[in-house]
Amino acid sequence: MIMNKSSINHYFHSLFDIQEEVVGKITETFSHFELKANEVLLRKDEVSTRTFFLEKGYVRSFILNEDNEEITTNIYAAPCFVNDFLSFFRQQPAKETYQTITACSFWETGLENVQHNFHNIPEFREFSRLLFVLNYYGIHDRLIEMASQKASTRYFNLMKKHPDIFQHVPLKVIASYLGIKDSSLSRIRRDINKM
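Residue numbers (UniProt numbering): 1 to 195.
Among the hints, erroneous ones may be present.
Calculated lysine to aspartate or glutamate pairs in the EDC-like style (CA-CA distance at most 16 Å, straight line) [to be verified]:
#: 1; residue 1: K160; residue 2: D182
#: 2; residue 1: K95; residue 2: E70
#: 3; residue 1: K44; residue 2: E69
#: 4; residue 1: K5; residue 2: E108
#: 5; residue 1: K25; residue 2: E112
#: 6; residue 1: K5; residue 2: E21
Simulated from the structure, these hints should not be mistaken for laboratory data.
Turn these sequences into a full structure, and let the hints guide you.
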């Protein structure tokens, strides 16, 4: 069965001006798969051999702290690429676990295909650079927010940027992502409701 790659094609077009046939070449070897909620996409200490485009659904990355508690490091909302890029490109063990939050639909391709595209398709090099800049910007922004903002401000910012997350992601995961306990998130939400 041939799957429709319109979502991944649209994602490429949304980031920069690229011809349809070039996107077709880039995504030619991408294959489709689905996972149910709470399934592991990539486990900590595994080497990532595939890169994933999240077509539908929500994924989180997390680590275990010294108390063996799960700390959510990122929440991915479709459409976007999801991977431990250092693990993928340097073929070293991943430092986080990537797990679906909801049922998810993905497109995947291997390192060999990515390297081939990178060396043979100039537009893919441009796309890759842009993707790395956007990822760096997101991580840098989050680092500054975590260091400089109160939990309630971080909560408001997340509500403003991604209101959909609150409809699909458990509050426990959101609290962890915001760097607070469930009880603190409940208090913030109560205080907001009183306003």
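Flag every earlier hint the structure violates by its number, smallest first. Hint 1 alone not satisfied by this model.
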